Amino acid sequence: MTQLPEKTERKMGLVIDLDTCVGCHACVVSCKGWNTENYGAPLSDQKPYGADPSGTFLNRVHSYEVQPESGPAQLIHFPKSCLHCEDAPCVTVCPTGASYKRTEDGIVLVNEKDCIGCGLCAWACPYGARELDKAEGVMKKCTLCVDRIYNENLPEVDRVPACVRTCPSNARHFGDLGDPDSAVSQLVAERSGMDLMPEQGTKPVNKYLPPRPKDRLNEEIDILAPLLAPVVEEPKGFLGWLDKTLEKL
Amino acid sequence: MHPAPSIIAFSTFSGLGLGLLFWLGIDPTAPTGWVAFAFFAIAYALAVGGLISSTFHLGRPERAIKAFTQWQTSWLSREAWCAVAALVTMGIYAFLLVFFDTQVSILGWIGAAFALATVYTTSMIYAQLKTVPRWNTALTSALFIALSLAGGALLSGRVTYGLILLLVAGGLQAIWWKTGDTRFKQSGTDLKTATGLGRIGEVRAFEPPHTGTNYLLNEMVYTVGRKHAQKLRMISLVLMLVLPVILLLLPFPHIFGLLAVLSHIAGVLVSRWLFFAEAEHVVGLYYGMR
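These protein sequence lines map, in sequence, to chains A and B. Be aware that the first sequence starts at 1, since it is given in this note's numbering, and climbs by one per residue. Be aware that the second sequence starts at 1, since it is given in this note's numbering, and climbs by one per residue.
Hints are computed from structural coordinates only; laboratory data are not their basis. Warning: the hint list may mix true and false statements.
Output of the computed footprint for chain B on chain A, the stretches with three or more beta carbons under 8 Å from beta carbons of chain B [said to hold, decoys possible]:
| no. | segment |
| --- | --- |
| 1 | 64 to 71 |
| 2 | 75 to 86 |
| 3 | 142 to 153 |
| 4 | 172 to 186 |
| 5 | 194 to 204 |
| 6 | 241 to 249 |
Not the full set, but computed from the structure, chain B residues with beta-carbon under 10 Å of chain A [stated by the list, open to error]:
| no. | residue |
| --- | --- |
| 7 | R63 |
| 8 | D101 |
| 9 | L216 |
Given the structure is predicted, the values throughout are model-derived calculations rather than measurements. From the three backbone atoms N, C-alpha and C, an ideal C-beta is built for every residue, glycine too.
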């Protein structure tokens, strides 16, 4: 069904903290590891050990340099996966009904048995969240680890997406963004979480927390600082003689 | 966007074939017998050939039949329905003309409407995409329909309509190119909104997620050949518009008519290649490319 639900009961999604992400790509690896052997077709690689390797990934980490008006440039690591948009353009363009958004939790999924691999959903997504698997010929995307988060065979601590479970710097958070009292919603409110490409009108569920302002050295460090200025030390002894002699030459 | 040959061939040839079916459908004195057979054979070869070639780019062509299910939201699904409706209706219309010398005008009109609707739905597959600002305009639909009608008029030997429609299509093509060059900027999407980091300062893509390429870059960040875009636009316009108009105005219609058609098709193929090769998807921003 490619008609979007008017409203979903919950809005499960991720909150990604651009302040604490260290760009280690552990989420990329754990995502590929979990999803290549669980839900749906494996995530294939093409010529993984050849000259021109490529492969299907559901999560990739970019790095951006941001130059403020003054001060040094900042390097910001930027993980990107499906944002499980409320107004998901990838769903409505699907001709077969393979793409759908779940009413119960808002997760956007692909029913791979119905996918004809036309690629139109990948064209419709502004974020590059969908990749056509070359080996399988069907569209792959983040499932929010739908086979983990409700999986009662896993210890409770593991019932979160693989990327969230793995992140060593706690830059990834998982929860219900439709509930204003949830931990993730409060985090978003506190840190002014933002949408990517809001002008595209997709209403992403996933939010990004902007980097906190960097500490800056004030120009005047301390009013007593001049008094504490280091005293110039003239070299003494042999070094003093050497200094004077070399000066004379 | 990656200019896949199967999609370029599909949209060009099926557009022409459907354009020819349109003119055959609304013709008050449609050809009958073997003449009709020849016309409809050409139209069907182009339209069906184009549609078949469009399945070559599918990852799972054996499931293509499922594309009929989501007509309520998907332009691709609507296109499938319109194409089948046009081909079936015109098939019956043609069958009666060829074998029974009977013209059922109402069938022709319905078939012609579906033929045009098919071209429109094809154009909407592209025009609906906010992610590709160059395509995201009603002009895209106008251009596709004008080219289809002009090509169909040429193929069916309608010189006057052909000339007028060629000029209209050429004009639309020029406007589409001209306005398309600034549409990405006008869309308001840039690396600042893509990353949300614009509030801090100037954003620059520092490092891509991986050293190699990927599906997204191959499919949506196609930059080869753009440097020749201006020359190719001129070549396309000359082949699509200027040459056919000159050939049609010359006093030896028959062989020159054929040349006009071939030149027009070559021009439309170049234009369709540019349609994809020049189109920039917003996802390229994340990779510091357009």
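Cross-check of the supplied hints:
no.: 1; hint: 64 to 71; in the structure: holds (count 6)
no.: 2; hint: 75 to 86; in the structure: holds (count 4)
no.: 3; hint: 142 to 153; in the structure: violated (count 0)
no.: 4; hint: 172 to 186; in the structure: violated (count 0)
no.: 5; hint: 194 to 204; in the structure: holds (count 8)
no.: 6; hint: 241 to 249; in the structure: violated (count 0)
no.: 7; hint: R63; in the structure: 5 Å, holds
no.: 8; hint: D101; in the structure: 39 Å, violated
no.: 9; hint: L216; in the structure: 4 Å, holds
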